[in-house]
Amino acid sequence: MPEQVRGVVARKMGAPVEVVDIVVPDPGPGEAVVQVRACGVCHTDLHYREGGINDEFPFLLGHEAAGVVAAVGEGVTDLAEGDFVVLNWRAVCGRCRACRRGRPQYCFDTRNATQPMRLTDGTPLSPALGIGAFAERTLVAAGQCTKVSPDVEPEVAGLLGCGVMAGMGAAMNTAPVRRGDTVAVIGCGGVGCAAIGGAELAGARRIIAVDIDPAKLRASERFGATDLVDARNADPVTAIRSLTGGFGADVVIDAVGRPETFRQAFYARDLAGTVVLVGVPTPDMELELPLIDVFSRGGAVKSSWYGDCLPERDFPELVDLHRQGRIDLAEFVTERIRLDEVEAAFDKMHRGEVLRSVVVL
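Following the UniProt record's numbering, the numbering of the sequence shown begins with 1 at its first residue and continues without gaps.
If you are wondering where the hints come from, they were derived from the structure by calculation, not from laboratory data.
Even glycine gets a Cβ: it sits at the ideal position worked out from N, Cα and C.
Accuracy of the hints is not assured; some may be wrong.
The following label-pair restraints were derived from C-beta to C-beta distances [said to hold, decoys possible]: (1) 4 x 331: 33 to 39 Å; (2) 6 x 350: 34 to 40 Å; (3) 233 x 178: 28 to 34 Å; (4) 20 x 271: 23 to 29 Å; (5) 28 x 179: 43 to 49 Å; (6) 3 x 320: 47 to 53 Å; (7) 246 x 80: 19 to 25 Å; (8) 317 x 50: 30 to 36 Å.
Using the sequences provided together with the hints, build the complete structure.
So, in structure tokens, the structure goes:
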């Protein structure tokens, strides 16, 4: 039978979110219902609330989540009730041109549940990134569930569902950072600190953290930053070059996603170096660069989709690294909150007071 549970909904652009009753249907073919244990508060959820993704209101927010499979639909054979899973928004189809060419991390036809969740008056909800996990239960495609060890806390595991994976993957998969590289990361929020952690895991010899917030710069040291640049008092390009013998970094990761930070990243890299954009811009942003500079500097300019991850490969691996003590994913959790504290968490995010607020259910 369909279940009525509590969820966090954005009804209209810019309005405060509300905790309301929603209806979650029984899973259909290829679907699963997941009892959500924890869900991180991500900038992308705020983008949805502000209409920065699309205007398909009302939204059921939340996507950076872990939980336990409560039920599966017809034809689901690789999940069972009780499995501990991290939810992902790249459930690969296995059939599109990217998948057929052996590049499932770029799948162009990712799957979501086909049935809608609804408000109690029957209004269909748009789940954030096809997940909608600021809720006691959510309906997803079975392929959006990635099984990981249940020995890790849900509030830690769930962060792999978006921000931590995006940042670590930008360094380890998209760039990719190689042993001995110099790396600069512009923006030291959750994604930027994850990129720093990924660069350290990959063997970077120098990792330069750039931000305008001294608290975030101090936090970046916990993840492996070797040098700090306060962009309020120093030009990031000049500072990065001075720390790399005048050449620039081998890899520069823009974890902010603004034209000005992208330009800084572009000019702060060494000749034939790599720029990676993992910060999410808004649709109105435009970039101007002299084409001759794009040509003459060589190297690579890349955007990182979800850290170019393959969830079934990367999520269990990172959980195992956490369990081995090689990375401390718990460092990303600033506070644990309730469903009715999501709006306040957005305010803290705006003020730069948290790496991650995590809703615990």
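Against the structure, the hints:
no. : hint                  : in the structure
1   : 4 x 331: 33 to 39 Å   : holds (37 Å)
2   : 6 x 350: 34 to 40 Å   : violated (25 Å)
3   : 233 x 178: 28 to 34 Å : holds (31 Å)
4   : 20 x 271: 23 to 29 Å  : violated (55 Å)
5   : 28 x 179: 43 to 49 Å  : holds (47 Å)
6   : 3 x 320: 47 to 53 Å   : violated (33 Å)
7   : 246 x 80: 19 to 25 Å  : violated (58 Å)
8   : 317 x 50: 30 to 36 Å  : holds (34 Å)
Hints 2, 4, 6, 7 from the list above are not met by this structure, while the remaining hints are.
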